[in-house]
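Those sequence lines, one after another, are chains A and B. Oh and the first sequence: position 62 is 62 in full-length UniProt numbering, straight run, nothing missing. Oh and the second sequence: position 115 is 115 in full-length UniProt numbering, straight run, nothing missing.
Note that these hints are calculated values from the structure, not bench results. Since this is a predicted model, take the numbers as computed values, not measurements. Cβ coordinates follow ideal geometry from the N, Cα and C atoms, glycine included. Hints are all accurate, no fakes.
Taking beta-carbon pairs under 7 Å as the criterion, some of the chain B residues facing chain A (in silico): (1) T230; (2) F232; (3) S233; (4) V234.
Single-letter residue listing:
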Amino acid sequence: MAIEVRIPTILRTYTDGEKAVEGSGDTLGKLFADLDSRHPGIEARIVDGGKLRRFVNVYLNDEDVRFLDGIDTQLTDGDSVTILPAVAGGMV
Amino acid sequence: MRYDSSLAAVGNTPLVRLPRLSPSDDVRIWAKLEDRNPTGSVKDRPALHMIEQAEKDGRLTPGCTILEPTSGNTGISLAMAAKLKGYRIVCVMPENTSEERRQLLAMWGAEIISSPAAGGSNTAVRVAKELAAENPSWVMLYQYGNPDNAGAHYATTGPEILADLPSITHFVAGLGTTGTLMGVGRYLREHKPDVKIVAAEPRYDDLVYGLRNLDEGFVPELYDASVLTTRFSVGSADAVTRTRELLQQEGIFAGVSTGAALHAAIGVGNKALKAGESADIAFVVADGGWKYLSTGLYTAKTTEEAIATVQGQLWA
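Assemble the whole structure, with the sequences as input and the hints as a guide.
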């Protein structure tokens, strides 16, 4: 199962400068764990204590996952995930 | 339709189906053409309503100066109303907003104070608040925190959409002042508790992120997250792509924020299609494309070329 993950500039140090990488997992949490196996350290920048970090926004096919099931949001093949630093702590 | 003045002709805009861009015959997308308002944008509704309410409660009296932070449309709407009603108006807008918008404001007699491009509208808001403190006699209607902004949509846009589309399942609009989503959202919820209220917010490019910091973050006072069902973040490439599709496939010439709203409308439409549900999705065409012609995005030969052309120009 291939999910495209778009990486923000501040996290590209973990992906050798790549703007987008592929990963797999049937939930967002599993996807981030999978990414960490190839890009060690990236998961801890996104997830803290089983939750999304406060100043990180994650979008599934452009939809804010905080309005879906957060880290437990289900993924399907071909989905696109975007990680962005939150401006204004995630609001507007 | 006949009206007593152009101010009386605000609202009652058409709702048109998008037969080609709708995901299926059962998942229909409808465009609320707010560019058909007197000054060409949805902002005529809140601008007029905020002025009239301020007149009613005595905050705005003859000879007053109106002050407003605006990246364009609200200022244009306020300036037109101010001209007809005899108020002076001062607008604070980011220095990198398009020349068309500057000319439109000047044409209605507005005085423009430029705020630094860095921080965009957030900085314009800060500068306007400083000016308001220095000039206590000026009246700042303040679209970001004035309940009459959302009130205009609660009183007019919401009822119009429900009357035209009683089967509505989703309402989609851009997230700026949040007035449209808050006002229409609350009205629709009261009448259709299951309706989904969907925000489309512009996703800033990396370049813009580099210029911002968290201290510049700003949440409009009107914003109430409980009104929203979900939020979409739309990159400028997708917004430009949808703006061009709307023009080429449906014949609707709209601004780029409309492309972002359409992208979110198609996104929720595709989810409904996948789930085997039918849907009637209304989204807001906030303004026409006239003010953005100089970006070159409408005439670029390919969408790729259009996207490259507008990088760094949008979302001011």
